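Please model the entire structure based on the sequences and the hints provided.
Top to bottom, those sequences are chains A and B.
Note that the first sequence covers residues 995 to 1357 in this note's numbering.
Note that the second sequence covers residues 51 to 435 in this note's numbering.
A hint or two may mislead.
Covered stretches of chain A (chain B as the covering partner; in silico rule of three or more C-beta atoms under 8 Å from a C-beta of chain B) [to be verified]:
| no. | stretch |
| --- | --- |
| 1 | 1010-1023 |
| 2 | 1047-1055 |
| 3 | 1163-1169 |
| 4 | 1309-1315 |
Dumping the calculated BS3-like pairs for lysine-lysine here, alpha-carbon to alpha-carbon at most 30 Å [unchecked claim]:
| no. | chain 1 | residue 1 | chain 2 | residue 2 |
| --- | --- | --- | --- | --- |
| 5 | A | K1284 | B | K396 |
| 6 | A | K1340 | B | K261 |
| 7 | B | K262 | A | K1041 |
| 8 | B | K75 | A | K1286 |
| 9 | A | K1295 | B | K330 |
| 10 | B | K261 | A | K1066 |
| 11 | B | K158 | A | K1284 |
| 12 | A | K1284 | B | K386 |
| 13 | A | K1340 | B | K75 |
| 14 | B | K158 | A | K1009 |
In case anyone wonders, no lab produced these hints; they're calculated from the structure.
All values derive from a computational prediction rather than experimental measurement.
Built from N, CA and C at the ideal position, the CB exists for glycine as well.
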Amino acid sequence: MLNNMKNTLHPWVIKKIGRDWLEYVASNTMNVATEAFDPFIWTYDCKAKIVEVRQETADTKTFVLLPNQHFKQPLPGQHIELTVDIDNTGTPVARCYTLSEIQQDTVSITVKQNPDGKMSNWLHKYGREGMILDISSPRGQFVYRDQEKILFISAGSGITPCYSIYKAFETQINQPDVAFYYRSRTPDETIFRQQLEQTKNDNSVDISYSRHSEEEKTSYLPSQLIEAYPDIKERHIYLCGPEPFKNDVLSYLDDIGYDLNNLEVEHFAPLQATSQSVDSFTGEVSVLLKSKNIRFVIDAKDNDKTLLEAAEANGVQFEHGCRSGMCGTCRTNLVSGEVNGQQLGKSIYPCATYPASAELVIE
Amino acid sequence: MSHSSTSSEQNYDEIHQAFEDIKTKHRDDLGEKDIRYIKKIRRYSRIFEVIGRGLIWIMPGPLALIGVPFLFLHRNLEAIEIGHNVLHGQYDSFEGIPQFHSKKFRWKAPIDEAAWRQEHNGIHHVHTNVYEKDPDLNHGFLRTNAQVPHNKWHYFQVPIYLFFVYPAMLYNFNAQNLGANDKFRERRFPLGNKGYATFENTEELTEDAAKKRHQRAVWRVWAKEYGVFPLLALLTGSGFFKVFLANMLADVLNNYWIALTIQATHLTEPLQPEDALKSKGKWYVSQLDSSVNFKGTRKQSILWGHLNYQVEHHLYPDLPSHRYPDIAIEVQEVCKKYNLPYKTNKNWWQAISNYIGLLWRFSFKRSASVPLEPSFLEKEASNAK
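Here it is in structure tokens:
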């Protein structure tokens, strides 16, 4: 009964009080009792509760999530990372999912069941209303940047970020000139088919169905795109889909002389475990600052800079003081990745450490 | 008196290494002991809170005052031994205690944590006693050395601080950390902020955002102390004003206690050279030269948040405070070996009276003609010539 009450109360609280005030009240009333009473609100972690599960196609479900107060307002096209300890081994599995819809207080992820996928199978099997999940704040650079003419090119479940940006235009006053190209195998497998067909009247959405094999796709795609969008070179393109599809489109765009600076591609490259030796790290470093939800890339040539200097060069501010590892003001915790220099267990001193792996996640 | 070779660069490197060795030793030793300590202090704080609020609520009329010392103990432990030390990140490296991680911790004090960390850890602890850099040299508008231009407010600085500022000392910190004090000096002082450290808006807060942070930090304390608990008392048939006044008394005592503690831990003379930071050895020496300890037992030290080990705290601000008494012995050995200043007042009272004497001296204009006392680093440098 208490759980039912909480299920009704949580959406109400987040709607009425808002995340900002909820954070203020919850963080200042955190104690053993409140944490035990409601671990969804009285927590230090970003969590979300499943409030609705919808069957989109035979193998695709949409999960509507109500995130708690630690969640930052997302932009259409961004994704979240979902972390679940699937096997109860203490080493949780993490996967990224694009936010397919963004509502006032909720966000949705649309998950296609992948026969070999750990997380998608788990979600399809166990995900139900009332369940609480560990999520990250929204991330990603695949977001609309006020261009006037745009074209979405997507395939399969790659439609989700495109659809999310597309849907956000509905409520916008100055709508850009949008074209939407979507490739799916069969109508039954088409995610958001109904929603897309409703808006199809204005001719901006093309859904192409094909059961072609991978080889045939390559020969089939170019002619289709150039016919469908004669002004393709004037449009900013948002591309998202399975790797082979993306590669085909990329080489095609290159062939027709499309300016690739106008292209946004969504990558879901999994975090690579780094085995590079700590002393000889020379590559580019991607840094994620979890608390601020900022991602930035340190150029290979800047590898001799401290983490603090490199962040500043990217316009990212760390709390800091002495810049020489003495005062401890910049001290923060390393979530994953490796650094060189001054560290203490998981704590690192950005002003006196150097990145030593391709991917760094800092608290 | 002066050690002839102290000023050589090589010697400063040695000094640096000696202090680093102490740091490394204690860092390597961090563990369960520290987690147990901070949890124990929190447990005591909770117990004192229950006893204090319980007595204030149950006891009739003036007898409710019996609860005030307990409530004071709770608020004091939370404010300094827990709050101040946790916000230095002393417990950040321990997993499983997110409530004591500096960026997650919420203070039961009317001070915004993020602004405090930036001002206190990032500026005061780095530029200690540096003219126009260290905001703790003035805590508002105090004139604590002859270099600060004198104006008519300074004639009254002793009574103003003793009677009006110290009883609400903690409420002054947001003004210092979020910019309100700068505006006051700009408006009231002929030379504005000349001679004072000003707010470095590192978070690039808008004026509204800074104000909101300031107010939220205050209201969380007021809502609890002067809203929720008095109202609970009213609803259960106990007196609203009895609880309100008792809580206010505990609040004032807590503010005064902390004000006197922090004011007694820095000698505001000599001022330190700004470039001490360029050499780590010199930075350590400038921290030694600007901090002063006062003696107390282990239990007393907890009530002072171990700020009476100010020297050790300024050398190693992010080592857990309960280690300072042990570290002090090692620091004193290094100071003896290299003939470095290690300053101590023999008790709290002497520390306070020294400080108030100094405030009195600099409230008068004539002190402007007194030559500045040079810092240890400057003396060494001129001896070397």
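Checked hints:
Only residues whose beta carbon comes within less than 8 Å of a beta carbon in chain B count, and the stretch 1010-1023 of chain A has 3; three or more means the coverage holds. Evaluation of the coverage hint for the stretch 1047-1055 of chain A: breached, as 0 residues show C-beta separations to chain B shorter than 8 Å, against a requirement of three. Chain B is given as covering the stretch 1163-1169 of chain A, and this is violated because 0 residues of the stretch bring a CB closer than 8 Å to a CB of that chain, at least three being needed. With 4 residues having a Cβ less than 8 Å from any Cβ of chain B, the stretch 1309-1315 of chain A passes the three-residue criterion, so the hint holds.
With a CA separation close to 47 Å, the supplied pair K1284(A) and K396(B) exceeds the 30 Å bound. At roughly 34 Å between alpha-carbon atoms, K1340(A) and K261(B) are farther apart than 30 Å, so this suggested pair is violated. For a cut-off of 30 Å, the pair hint linking K262(B) to K1041(A) stands: about 26 Å separates their Cα positions. For the given pair, K75(B) sits about 33 Å from K1286(A) by alpha-carbon distance, which is inconsistent with the 30 Å threshold.
A hinted pair counts as satisfied when its Cα atoms are at most 30 Å apart, and K1295(A) with K330(B) qualifies at roughly 28 Å. Taking the CA atoms of K261(B) and K1066(A), the gap is about 22 Å. The hint holds against a cut of 30 Å. For the suggested pair K158(B) and K1284(A), the alpha carbons sit about 26 Å apart, so the restraint of at most 30 Å is met. Distance check on the hinted pair: K1284(A) and K386(B) sit about 45 Å apart at the alpha-carbon level, beyond 30 Å; violated.
The hinted pair formed by K1340(A) and K75(B) meets the criterion: a straight-line CA distance of about 18 Å does not exceed 30 Å. In summary, the hint linking K158(B) to K1009(A) is supported, as the alpha carbons are separated by about 27 Å, within the 30 Å threshold.
Taken one by one, the earlier hints fail for this structure at numbers 2, 3, 5, 6, 8 and 12, listed in ascending order.
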